[in-house]
Each structure stands twice: as C-alpha cells, then as structure tokens.
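Heads up: the protein sequence lines correspond to chains A and B, in order.
Numbering (my numbering) for the first sequence: 1 to 110.
Numbering (my numbering) for the second sequence: 1 to 115.
Since the hints were made in silico from the structure, they are not lab data.
Careful, some of the hints might be misleading.
Facing chain B, according to a computed beta carbon distance under 10 Å, are these residues of chain A, among others [claimed, not checked]: (1) Phe34; (2) Gly41; (3) Ser43; (4) Thr86.
Since the model is a prediction, treat every value here as computed from it, not as a measurement.
We put the beta carbon where it would ideally sit given N, CA and C, even for glycine.
Chain by chain, the residues:
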Amino acid sequence: QKEVEQNSGPLSVPEGAIASLNCTYSDRGSQSFFWYRQYSGKSPELIMSIYSNGDKEDGRFTAQLNKASQYVSLLIRDSQPSDSATYLCAVYNYGQNFVFGPGTRLSVLP
Amino acid sequence: DTEVTQTPKHLVMGMTNKKSLKCEQHMGHRAMYWYKQKAKKPPELMFVYSYEKLSINESVPSRFSPECPNSSLLNLHLHALQPEDSALYLCASSLRGQGDNQPQHFGDGTRLSIL
Numbered sequence: 001q002k003e004v005e006q007n008s009g010p011l012s013v014p015e016g017a018i019a020s021l022n023c024t025y026s027d028r029g030s031q032s033f034f035w036y037r038q039y040s041g042k043s044p045e046l047i048m049s050i051y052s053n054g055d056k057e058d059g060r061f062t063a064q065l066n067k068a069s070q071y072v073s074l075l076i077r078d079s080q081p082s083d084s085a086t087y088l089c090a091v092y093n094y095g096q097n098f099v100f101g102p103g104t105r106l107s108v109l110p
Numbered sequence: 001d002t003e004v005t006q007t008p009k010h011l012v013m014g015m016t017n018k019k020s021l022k023c024e025q026h027m028g029h030r031a032m033y034w035y036k037q038k039a040k041k042p043p044e045l046m047f048v049y050s051y052e053k054l055s056i057n058e059s060v061p062s063r064f065s066p067e068c069p070n071s072s073l074l075n076l077h078l079h080a081l082q083p084e085d086s087a088l089y090l091c092a093s094s095l096r097g098q099g100d101n102q103p104q105h106f107g108d109g110t111r112l113s114i115l
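For reference, chain B alone in the conformation it holds in the complex (with noise of 0.2 Å):
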C-alpha cells in the first residue's frame, strides 16, 4: 500500500455525470498533482498544487475542476467528460513542488471509464 491514498479505485460514469475522484496523503508534503495515463503511454501531468495554489494547469479542459481544500487533501471534480478520458487518475504529492528536486510519490490511481 502507498501513502497516498486515492479514491475510488475504479470508477465508471456517463458522459452527462458528475463525480470526483479524491486524493489524501499525510506525509506532510506541500505539493500534489494529478497525473492522467493512457495505457502504453507515461503519466501525463494535469495539475500541480503547490502550499494549497494551483501553480500549473497543463491546458486541461474545463471539465476537470481541480481542489485542494487543505494540503492534505486533492479533488479532481469531473463532469461532462467524453470516451477518451477514459484512463487511470494517478494522484502524487511531493515535499515542496516547484524548486523541489525530491521525488514523487504516487497514489494506486483511479482506474475510470466513460461510458
């Protein structure tokens, strides 16, 4: 098991849906991201929170809404999302973000398919 801890593992949903996937670590790291991964393909990164500020946002349609109520705690709000993000969610956090040459630690990810 990981330390970051992400919810749900899987996760199906219509295209008209909203749901969010969740994300908590209490390692007392200051950064989190969301990476999306295509099957064959590397992680591909979405956002980065870095002290609780969205501090990159990777061009990533409006249908995904980040959150990051604490820094503990990351959301990804989805809605209106197609077929092709259809993927696994990985959540990682790291101890500072930007100017932080430590390592990432990911999440088991959330695996989700739209219908």
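Isolated chain A (complex conformation) (with noise of 0.2 Å):
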C-alpha cells in the first residue's frame, strides 16, 4: 500500500511567519510532487510542482524536495490569514496515479 503522510493539524502561526507542512512518502519509486491547496468547500489548487532532489522556489513558497529521506515539504513566508486552508501533498509514481495525503490544515493568526 502506498502512503502518503501529513501531520493533520492544525497547524497555527502567527501571521508574517513562516510556515513549514511536511509530507513522508512509502514508494521510493516515486517520482514527482506537487502541493495543493484548498479553501474549505472549494476544489483543490495546485501552487507547486517539484520533481528533482532540492528547493524550488515561487513568490512566497518554497517546496523542499529529499528523495533519500523520502521527504518534501512547502514553507511559505511571510504566511498571510488568506493563507490559511488545507495543504494537500501529492506524490506520483510512473505508470500510477496521484497519491494524496491527508492533508495539513493551516490557521495564520493575524
């Protein structure tokens, strides 16, 4: 059974912080990431995609990706309460399809 981890939340800080979501995966076949967002009865929206060993930067976040460890994660700085929602981590394998972890629910405290 292939797995994807995220600690479920919530997750709060303080607003212009930096937040850190974390994500463990159990194929190491795996071969590339992406990090969804979604607000509380929306549909999920991708912010990043990342697929080789390192950081990956786009405005205010940054996936972090280590396939030896089996690990990415997404730091977003200078967190804002609009960002606050469920962070969903995907992973994908060749010839599989996407695997979703629970996600991890955000709350930035203005």
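Put the two chains together into one complex; each comes in its own frame, and the hints tell you how they fit.
See below:
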C-alpha cells in the first residue's frame, strides 16, 4: 500500500511567520510531487510541482524535496490570513496514479 | 475560475433519481479524472480516462457510470444513489494520463446531496 503522510494539524502560525508543512511518502520510486491548497468547500488548487532534489521557490512558497529521506516540504514565508487552508501533498509514480496525503490544516492568526 | 468547468455546482437528488454531472476542459489535456471527496478527507480517485478510454475504475459501485464522449468532455451518470454518496465530486485533467508526471488541474466541483 503506497502511503503519503502529513500531520493533520491544525498548524497555527502568527501572521508574518514562516509556515512549514511536511509530507513523507512510502514509495521510493515516486517521481513527481505536488502541493495543492484547498479552501473549505472549494476544490484543490495547484501551488507547486517539484521533480528533483533540492529547493524550488515561487514567490512566498518554497518546496523542498529529499528523495533519499522520502520527504517533501512546503514553506510559506510571510504567512497571511488568506493562506489559511488545507494543504494537500500529492505524490506520483510512473504508471500509477496520484496518491494524496490526508492534508494539513493551516491557520494563520492575525 | 479554473480551466476545468463542472456543472452543476450543486445538486440535490432523491435516491430514485437519475442525474448527470458534467466536466469540460479546453486545455488539450488527454486524461480526465473523477474524484469523490468527503469532508476533511483527501480526494478519492473513482475513474480515469486516458485518450478517451477508461483505464482505471477503482472498484466504484455501478450506480456511478462514467462517460467520455470526447477528449474535452467527461460525464458521470448517477442512478439510485445512497445517502453516503453525498460528497464533493471533483473533475480533474492532466496532459496525458498514466505515464504523465504533470500535475492534475481540478474543476470547482459539484456538491452532491442525496436525500
């Protein structure tokens, strides 16, 4: 059973702080990694894709991938109340399907 | 607004009704997906169409029947649903499908309530 794990939260951070969201996966052959943001009652929205080890930055978001440790993270700098949402980690292996983690609920406190 | 369009946004139906959910994308994607999502849970894969052929059916009950008339359209036909089928139904698309490491793009979903 291929698994993707995330802390369910809620993770509470003050406005302006760095929010750190973590994801581990069991399938060592996984190749592609995605972070989605989902507001309550809305659909998942793609934030970041990462395919190789290291960091990838896009605005206030940085994704970090360590395939040896089977670990992917998302950092949100200068967190805003509008970042309050559930963040889903999704992992893909060739010929398989996306496997979603359970999501981490982030709350950014004004 | 997303580039994957789902209709209707909300649907209330009785257990004896027949209804359909619709999904459309014009991004040239060749893979389309149906997911079911319950509150506080991640999306759960139901069906995958790749190049208009059903490639995965994740043991979904026969009261859900997918249809892919062409590469831009995806339908989900509903019949004799149960109250536990009440959920958010999400359509997604990606460039190619299995063997495709590109992200999936989701529509806004249909909120389905079974009375």
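Next item on the list: Check each numbered hint from earlier against the structure, then list the numbers of those it violates in ascending order.
Entry: No numbers; nothing is violated.
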